[in-house]
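Going by our numbering, the first residue of the sequence shown is number 100, and it counts up by one from there.
Treat the hints as calculated values from the structure; they're not laboratory data. Cβ atoms here follow ideal geometry from the backbone N, Cα and C, with glycine treated the same way. A couple of the hints might just be wrong.
What the hints assert, rightly or not - For each label pair, taking beta carbons as the anchor points, the in silico distance ranges come out as:
no., residue 1, residue 2, range
1, SER101, LYS173, 29 to 39 Å
2, VAL116, LEU185, 15 to 25 Å
3, THR187, ARG151, 35 to 45 Å
4, ALA156, MET124, 12 to 22 Å
5, GLY153, GLY106, 31 to 41 Å
6, GLY148, ASN175, 35 to 45 Å
7, SER101, GLU174, 15 to 25 Å
8, LEU191, ARG151, 14 to 24 Å
9, ASP127, LEU191, 17 to 27 Å
10, SER101, ASN175, 34 to 44 Å
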Amino acid sequence: MSGPLEGYRVVELTSTVSGPFAGMMLSDQGADVIKVEPPGIGDLARFMGTTRSGMAAMFSVLNRNKRSVVLDFKENKDFEILKSLLETADVLIENYRPGGV
Numbered sequence: 100m101s102g103p104l105e106g107y108r109v110v111e112l113t114s115t116v117s118g119p120f121a122g123m124m125l126s127d128q129g130a131d132v133i134k135v136e137p138p139g140i141g142d143l144a145r146f147m148g149t150t151r152s153g154m155a156a157m158f159s160v161l162n163r164n165k166r167s168v169v170l171d172f173k174e175n176k177d178f179e180i181l182k183s184l185l186e187t188a189d190v191l192i193e194n195y196r197p198g199g200v
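Using the sequences and the hints given, assemble the complete structure.
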């Protein structure tokens, strides 16, 4: 997607609404947003609200125009992948509690 933020890379370590909303606004303006989710259920927003497809509409809206990857930070190889993503990022968005990442 083109826009004024085309060429910028954002790594998003967020869950539920506020963090994904910030990432959505950047992706809507053309930024390359990569959402990083933990293994298992991932972002809890997937299950907020009734859905027929198994994925909440709010999750689909908040995460449009984003790429995503599942990384387990307890695994050294996944932590190294995160570090390499961050080395190429212009912006980091995170909304976890202190010590949560």
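Violated hints, by number in ascending order, as checked against the structure: Result: hints 7, 8 break, sorted rising.
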